[in-house]
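Asker: Sequence:
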Amino acid sequence: MAFNGCDTSPYLRKSEPSWAIPFPLSPSSSTCQNYKANLQTFPKKRLDWLQRRYSLPLPLSLCMCVYIYIYIKRVLTVVCGNAKVNGPVLVEDTCLCFNALKGLPGPYIKWFLQKIGHGGLNNLLLAYEDKSAYALCVFSLALGPNAEPITFIGKTLGKIVPPRGPNDFGWDPIFQPDGYDQTYAEMPKEEKNKISHRSKSLALVKSHFA
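Throughout, this note's numbering is defined as the position within the sequence shown, counted from one, plus 73.
For the record, the hints were derived by calculation from the structure and aren't laboratory data. All values derive from a computational prediction rather than experimental measurement. Please note that a few of the clues may not be correct.
Derived DSBU-like pairs: lysine-lysine, alpha-carbon spacing no greater than 35 Å straight-line [as the list claims (entries may be wrong)]: (1) Lys262 to Lys279; (2) Lys204 to Lys175; (3) Lys267 to Lys188; (4) Lys175 to Lys262; (5) Lys232 to Lys183; (6) Lys279 to Lys267; (7) Lys183 to Lys262; (8) Lys183 to Lys279; (9) Lys188 to Lys204; (10) Lys204 to Lys183; (11) Lys267 to Lys204; (12) Lys262 to Lys232.
Between the sequences and the hints, there should be enough to build the whole structure, so can you do that?
Answerer: Right under this line is the structure:
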């Protein structure tokens, strides 16, 4: 399955971290109903369903399945929002995934950060040698009430480090992207914007309209 030149097949391939996924869902779609009905069947049936529905290579982590489900719900919100504004709607979300924890905290990073802070997030990995992580940003776009939402995903690989840099933007102080000796927080904004998960996702949105 592909959209606008972006193939979903490299879903977990490190060499191609950004992609776009069309989600042909509406509040009455059978796909949506099947997903809701089977939500409690994690992990085996959910993994199989996702792999068949979106032609995704396995293995998929449980966290990523939950993240996809959350975004399917978000896409439905987009569709409902279109009905109110009668025009385009764009929504965005991010997550930070620790490989040692099979993708957690993932989409729950906001609440983890609120409860345990940067130090606590580092402590989650104390028992693991693997400090690698990746940041995801997802934009979902629907152009009108009857339009099929399209989801654009940007991914940046890196690792979790003790906090460094200004403490004024979420988890930036603990995420150091691969190939750099600075955390997101330490980077000049112009440099960060060139490589960030959000900029990659937004670039896909922009290319859609190019």
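Asker: Next step is simple, just say for each hint if it's right about the structure.
Answerer: How the hints compare with the structure:
no. : hint             : result
1   : Lys262 to Lys279 : holds (20 Å)
2   : Lys204 to Lys175 : holds (12 Å)
3   : Lys267 to Lys188 : holds (30 Å)
4   : Lys175 to Lys262 : holds (30 Å)
5   : Lys232 to Lys183 : holds (18 Å)
6   : Lys279 to Lys267 : holds (14 Å)
7   : Lys183 to Lys262 : holds (21 Å)
8   : Lys183 to Lys279 : holds (26 Å)
9   : Lys188 to Lys204 : holds (20 Å)
10  : Lys204 to Lys183 : holds (19 Å)
11  : Lys267 to Lys204 : holds (23 Å)
12  : Lys262 to Lys232 : holds (19 Å)
When the structure is compared with the earlier hints, no violation turns up for any of them.
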